[in-house]
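Got chain Y; can you put chain C on it based on the hints?
Here is how the chains run, residue by residue.
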Amino acid sequence: MTDADPPTDTVLETTPIDADEQTEAIDPLPLARVESIGTDIEANVARVIVGHESVIEHVITSLLGRGHVLLDDVPGVGKTMLARSIATSVDCTFRRIQFTPDLLPTDVTGVNVFNQQTREFEFQPGPIFGNIVLGDEINRAPPKTQSALLEAMEEQQVTADGETRSLPSPFTVIATQNAIEPNRTYDLPFAELDRFMKKLHLGYPDPEDEAELLGRTVGTHPIEELESVTDRETLVRARETVSRVEVAEPVRAYVTRLAGYTRENAHIGASPRGAIALLRAAQARAVINGRDYVTPDDVQAEAAVVLSHRVKTNDRTRDGQAIVADALEQVPVDG
Amino acid sequence: MSTETNSESTTGTASDRRNARTISLGVDDTATDSRTIGPDVFRILSLGCVLLLIASFVRVLHEVTQAVGGTPSLFALVGGMLLAGTLLARLIRPRTALLAALTVAGLGFAYYLESSGVGVGIVLSQTGALAADIATLATGHPLIRTVEAGLWTLGFAPAPVFLSWYLALRGRYALSVLPGGFALGFLVLTGDADLTVTLLGTLAGLGAVGFGELERRGGSISQADLLAALFALIIVLSLSVSFVPGSETGPASIGATDAGTLEGTIDSAGERSGFTGQVDLSPEVRFTVESEQPSYWRTGVYDRFTGDEWVRTGQEQPLDGPINEPPGDHETMQQLVTAETEIGVMPVAPQPLAVTDGAAQYAELSAHGQVHPSTTLIEGDSYVVESAVVDPGQDELKRAGTDYPDQIEERYLQQPEDTSDEFAEYTANVTADAETPYEKAAAIENHLRSSKSYSLDVDQPSGNVAEDFLFEMDEGYCIYFATTMTQMLRAEEVPTRYVTGYTSGQQVDDSTHVVRGLDAHAWVEVYFPDYGWVAFEPTPSGERNDVHADQLEDARADDVENVDIEESEDVPVREDDDDEDEQNDRDPAEPDEGEHDDSETNETDPDQDPDTDPDSDTENESNETTDGTSLPDSDGEDTSEGDDSDGLSLPVTVSRELLALTTVVLVGLAAGIHRTDGRTRLQRLVGLVWQRPTDDPDDDAARAYRRLERLLGRTHRPRRPGESARSYVTALRTAATDDTGDSLESATDRDSGSGSDPNSNPNSNPNPDPTDPRIETVLESYERAVYGGGVSRREAANAVEAVDGLVREQVPLVGGAMSDAGQHKASTERGSDDENDGSDESTTAE
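Note that the protein sequences, when read in sequence, are chains Y and C. The first sequence begins at 1 in the UniProt record's numbering and counts up one residue at a time. The second sequence begins at 1 in the UniProt record's numbering and counts up one residue at a time.
In isolation and in its complexed conformation, chain C is listed as follows:
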């Protein structure tokens, strides 16, 4: 499946490279070689660009299918459409092709509707709802969140691919960019297309139109520099102004949270939960919970894993009325949650049944039974949650069986397509002895806790996070543990989901829990028939608590703001043994009778932290540990290092893409400079103030005049091509004398007074006066040098000196620096000139 991607992307890069090469050719020379590039090359370039455009949006769709399946079908469809476009390009007319494409699109859409169980009838019955659906997509609802994203992709892809390629083959490049551009644009609006793909697609579209025009009008490649300059402009603009909605620019849902923190990673963009490498822990207080029981405070539930992020499918609905209860028996608990800072989440104890009071008006319910605020909660916002505590015993869970509802199986067994068989085999080994889903979950949980250690300082893996963590990494933090466990359980056909939120926090009195940024956490919920979702905790808790407690102590020691609220100020970080047992009871690994649980922890924890207080043998999920001493734990030190240096929070990766973009920018700049004759201009500017003396006095005199001409051109008007040197100056003189009646007189005054020595002219005029006698000197020597018998060294030197003087007067700053050198040069030339005096005379006659 990946071979086809490769072939497509190589097409893209190949055309890119060709593109770059031709552009640089255009930079190197202009007229001669460019003639050799014919329309054929432009045609190939245009077609390459169209292919690139198609590849860009197919790539986005491919990202979706990679997560949800259907990649072979997608590529088969795209390949088929390309083939159809190629075959039909010569057979059918555009109108027929358009009809065919529309039919294909309609069929694809109908297929999607039928397959997703909605039925085509909805088109007639609920047109408005459908339109609203499309509008929702187009306003930033990522495709990956669509429940039937795979089907949607397969329905969407064929029409634009076919139409683009068909039109491109017929030479209608501008038209062919339309369907491709529409497809890409739609994906941009949904937020699926990231910046690079968007940029690539846009450039490809532009390139297709541009090269198509060049082909049609028989342009030369030297005109492609305009294209290159445009490309560079687009790239620079898009890098400086990000207008693409989606993950790159989406606002972080957690207010006042930095991107590099664990919270920022977990809830990076509301409906997604990403991964990073090293993260910071924010010691600031986020919210407090008044609750009889401690609990994990859940803020997000995710079902779809793309390999490098978690996505929540489905749409939120406004919360009106109670939430569906879990299927089995349950107790209920009440919590009063109060935001202590701006937060973009609604922490609740799983599984929420109802949200009331205050901020409950903002609550929206996701398709997974989690509440989210429709707006950022501000400090002081509070709400009351009633939650169902699903608390079955171990034996009951063991007996739960595998009779999952269809809906649960459809949603919560998804794995990325590229998940390897090795992963499944490994999982099978881990769970070899387990028979029931509960035993499998427990086995995996134990395996992860014992085989990996906890660290916040890790490098983000590049591929499938679950696989990379399982096979290549020795340490990680909660999101790695939870993700891997979710995927392993799914590999065993156990419906599992990835949940994020906060641990119970610091208990400051009987019922108050202070929850800080560093309590952010991710764990796993496994579905059991007749009981519903039950939490599991794959992260080694002891290590985690140490690391997090260190963070808080450091922050307190450093007097970081907002670390405490009033109630929590005097509470030491690791002293409350009191609620340990309670904590243990509410352990997300849930079964309080859990023999396995305690036994496992007792085995693992002392092994890893022999110095910890004996009390820590219990599963302690809050940041309160029993140990008051800080541990010489390497993990802890690493983390505090990361904490100290703020700059390390988000790893800055200079990717190859960035490098390539920079190259493109440079090429574009070069082309732009070429286009605007920037080099010539620079040369001119330098040439204006400085003239390199040569051996040929004629050449010197001629160049002296050119400088004069440029000087006059800057202040008056440039010389027209039809004007001779003299008629230009004469015209300027006429204009000058017309403007100011007395300038002629002053000119004649100067003529008589100081005409022979231009440097003694006291009236340094900011604008060179065309009637200045020095100009006549320059003009005469120019004419003699170019049209007559040549000039002597002395005459040339005089001319150069005259222009130097004029320039100096006009550009005082440069003039100051210039004057010494200029005079020196003039004097040396005059010196050498004496020897040549004899021969000078003979040059004038003839």
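Looking at chain Y on its own, in the form it has when it is part of the complex:
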């Protein structure tokens, strides 16, 4: 039993990994193309999601920066809709896993099924095998199931019955979790939160935005008419472009200082993984802004959403967000 969407007709690579086929050179897209793709996706998603421009931008940079997103908010503010419209815009396989307390790891990863005809076990890929995977209400599943998802997120591969299978590329998880009903949820362990590049809050729309939203959705929902603006292969190449964006030494040093500040001023500070994620997000943002190099402004624009959920304080009055805000205020940009 599963709430996951049935596999679509798109053929997915589910074969176990061959060591050889690892490094095929990906041709990066020109910078300007990536910039315009970013703008296009943003415009496309904005047709469905009213307001929340900055959140949309953050999701797009995560997509380009090879990261995963955790949307943390009350139900009904459009988390799922955001994920779906993003997936639709890039013309990728979109999978959705509805996490429930009784969801099993195999419900996520897939399972070997005995084929009566071939007399062999055949791998039946789970819903994790998609380019964009929406993990809905991820905090409702028990930790065991959560960890199945999280392995996939980190390694971009799943292991079922001893066989490791590579996940399709691009692979981006957009998970949501409910901020209400804390009693009936399994909070994501801190170590697993770390695997999300960003934790975003949608929040309620502005009154004007909400009126606009209502106006758009009374007839056919705009998501039904949404068309893709790019395709999977282009996205892969765009990601390659982003990964080649120059990060100069002063910026790396700045990121190090930021992470160091959180470590000094909080119980648990940003991990090195967090610093890497911050740089990747900053790279993506630089590209969105039409630059082939990262400036401290890119870092500053991303730091709040990238670092806050990785910082844990003992002080009830100051959460990770406050610490990161302090870091941005106090850590000198130039050495």
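Bear in mind the hints are in silico, worked out from the structure with no lab data behind them. Since we're looking at a predicted model, the values are computed, not measured. Idealized CB from N, CA, C, for every residue including glycine. Among the hints, erroneous ones may be present.
Claimed, not checked - Listed below are several chain Y residues computed to face chain C (Cβ distance under 8 Å; list not exhaustive): (1) 246; (2) 248; (3) 292; (4) 313.
To be verified - If you anchor each label on the Cβ, the simulated ranges turn out as follows: (5) Y/203 x C/731: 22 to 32 Å; (6) C/95 x Y/267: 43 to 53 Å; (7) Y/219 x C/718: 50 to 60 Å; (8) Y/211 x C/731: 27 to 37 Å; (9) C/92 x Y/329: 48 to 58 Å; (10) C/87 x Y/257: 49 to 59 Å; (11) Y/267 x C/731: 56 to 66 Å; (12) Y/211 x C/721: 50 to 60 Å; (13) Y/219 x C/737: 32 to 42 Å; (14) Y/257 x C/95: 18 to 28 Å; (15) Y/100 x C/721: 21 to 31 Å; (16) Y/249 x C/721: 10 to 20 Å; (17) C/92 x Y/312: 50 to 60 Å.
Okay, now just chain C, sitting in the frame of chain Y:
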């Protein structure tokens, strides 16, 4: 005795030197080396400073004991207290130590009271009087004037020394400075501590506290620059504002008298009489005396000699009633003294018996029977004096014996401790043939008159004046003669005192004497049992008169003001032979029957001044000499030279102390500049208007932005450390557009109109507008240079030029001078840039 001083002062200078070295270390570098200096060094520095503080007030006390005796005891006490402090530092608690110190102080005080004959009982019976006594001391009564100054010193020293050292060893530096500072402060109030010692002590106290804090809080030496800057500030302040009462700043007691004159020297500060080298003579009239007889007019009597000045001990009492008469027979004479200008003295003929009329209400009587005015007398003030003329014959004086009263022996036999045996031996030789005190006095008088010549133009000796004059100088003037004679007689156990005043002056009619500044004089009084004080004149009078008469003639010739009063105007300077004999009679060498006197003078004077009128063979103590011609005397010429050039009046000595102080000031300034980042600021200011082009365009672009940032920082706000370059500019832009709604429009106008050429911007804004498109140019090239793949030469040049333009607009003066160079530079860079164009393209991609 001096060895211990040396050891103490070397401690002081050593710590000073260490101090200076560490400070300069702090100036040279800041972070790295400073870590190596630990609390131990600070502890040593603090202790050194405390020692220096102790040394500073012990030094003042030592000056006192040097004059009055007791130096070995003082040093023994101080050494003992230091030892006790060291031993007890680990044994007893502060409260016990405080009690011990108070006990020591109480014992010292009791010892003083007992020894000075007052008795401890006075503490109970006359507490108020004691308190008044202490208050008198603390309001500028120098310690050296205290009758029992030596005992006082010994009673005073131990407690603060012990307490300071004890507390310092226990690490309580701030507390330890308290007793030391109190002791020094008290000595400052009494006026004994001079500026240098005060300054040194204060700095030492500050240093002790400062280094103590650094030790306690584990500070680095780079923080000591604050201390150094403070030190320098204190030094500069204390040099420019003198608040230390005492000899340095005490008002000259003679009104309208310059410091460089003989009068100013003789009565430099009321109760002291100092020495200088070359002096001027003021030809101005000071006062007139209506008197039947001429006399020396005495203004001061001094009993204590410190080696470089005379001090009058004891306190003045208001004059009420008659003054004690001399023990022997005497005649009396009346004088009416009228001040002709502001004077701070009360000239009287010795020995005054009563002062009445007019200004007599201001008269105060010193412990030596001399009257002093409690306030400055002004022109026209007059008073009547009745004086006892002690006029015993030579034989009577010879017979007077040596049965001196105890009080006289205690007071008037004092010699500085460092007086050498040689001095006494020499004196013994001079007086070898003399048996009675009178013969000794006469022998010494004659010896001085014949062996030294008179000159106003001498260098002030550095050591004991009496010894230096006797052994090293060939010429001098009255104060040297009188001082030396006093000390020589004292060496022979003859009670003698040093007196100052004026010679009888110019006699203008039968009874009127006009006394001028140049009549100022010093001579000697010797005590004879049954007769009292008898004056002696060791100064060669003939020479003196010539010199002084020349002065007056010169002054008259130059029409100097106030040289004459009406009566004296027509009286020639050297013509009154009439009163010569009378003068002779009243000669302070006194005995008119004085065979020795006349014979001696007859021998000496013609020898030295063969050209003088025969009449001058008599002892002529006034400025009237019989010779109308001016003498080709070298002494006289020297003096008139000194007179002509006013600037020479007070010799300005650039002492080593001054040099050291200057050095400290410089070090302090350097430290202060270091502290306030003055150098960086200067560099920044220079860097703002001028940028040295380098080979690296990235570097140029980055520095161009830094200049822009400084420019914006001056007019708007500096960039916060957490702000990136762009967010800073963006924030300024937002603020600017919020402030003035239209500035955004004007910016966009400029953007479209002249954005490409920043120099053509006609609106030269005194404050750089954050929305100025040139700023964007600079910002972009900065970002590319620092974070991206680098900038081309052209881009860098553009950025530099843009900033040059912005700076020029803001600093028009510099801009005017700058603009040519800036444009030239820009054009040359653009020229060289063409060659690099090809490679420039490749830098942006990647």
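We went through each hint and held it up to the structure:
1. Checking residue 246 of chain Y against chain C by beta carbon gives a least distance of about 6 Å; that is within 8 Å, so the hint holds.
2. At its closest, the beta carbon of residue 248 of chain Y sits 4 Å from a beta carbon of chain C; the interface hint therefore holds under the 8 Å criterion.
3. Nearest Cβ of chain C to the Cβ of residue 292 of chain Y: about 7 Å, under the 8 Å cut. The hint holds.
4. For residue 313 of chain Y, the suggested interface contact is broken, since its CB lies about 19 Å from the closest CB of chain C, more than 8 Å.
5. Distance hint for residue 203 of chain Y and residue 731 of chain C: a CB-CB separation of about 25 Å, consistent with the stated range 22 to 32 Å.
6. Taken as a hint, the range 43 to 53 Å holds for the pair residue 95 of chain C and residue 267 of chain Y, whose Cβ atoms sit roughly 48 Å apart.
7. In this structure the hint that residue 219 of chain Y and residue 718 of chain C lie 50 to 60 Å apart at CB holds, the actual value being about 55 Å.
8. Here the CB-CB span from residue 211 of chain Y to residue 731 of chain C is close to 33 Å, well matched to the stated 27 to 37 Å.
9. A C-beta distance of roughly 54 Å is found between residue 92 of chain C and residue 329 of chain Y, which places it inside the suggested range of 48 to 58 Å.
10. Separation of residue 87 of chain C from residue 257 of chain Y is about 55 Å and conforms to the stated range, judged on CB atoms against 49 to 59 Å.
11. Between residue 267 of chain Y and residue 731 of chain C the Cβ separation comes to about 32 Å, which falls outside the hinted range of 56 to 66 Å.
12. The beta-carbon spacing between residue 211 of chain Y and residue 721 of chain C, approximately 43 Å, falls outside the hinted interval of 50 to 60 Å.
13. At roughly 41 Å, the beta carbons of residue 219 of chain Y and residue 737 of chain C sit within the given window of 32 to 42 Å.
14. About 53 Å separates the C-beta atoms of residue 257 of chain Y and residue 95 of chain C, a value inconsistent with the hinted range of 18 to 28 Å.
15. Take residue 100 of chain Y and residue 721 of chain C: their Cβ atoms lie about 49 Å apart, and the range 21 to 31 Å is violated.
16. Checked against the given bound of 10 to 20 Å, the beta carbons of residue 249 of chain Y and residue 721 of chain C, roughly 18 Å apart, stay inside it.
17. A hinted range of 50 to 60 Å holds for the C-beta pair residue 92 of chain C and residue 312 of chain Y, which are about 55 Å apart.
The structure is inconsistent with the numbered hints 4, 11, 12, 14 and 15, although it conforms to all the rest.
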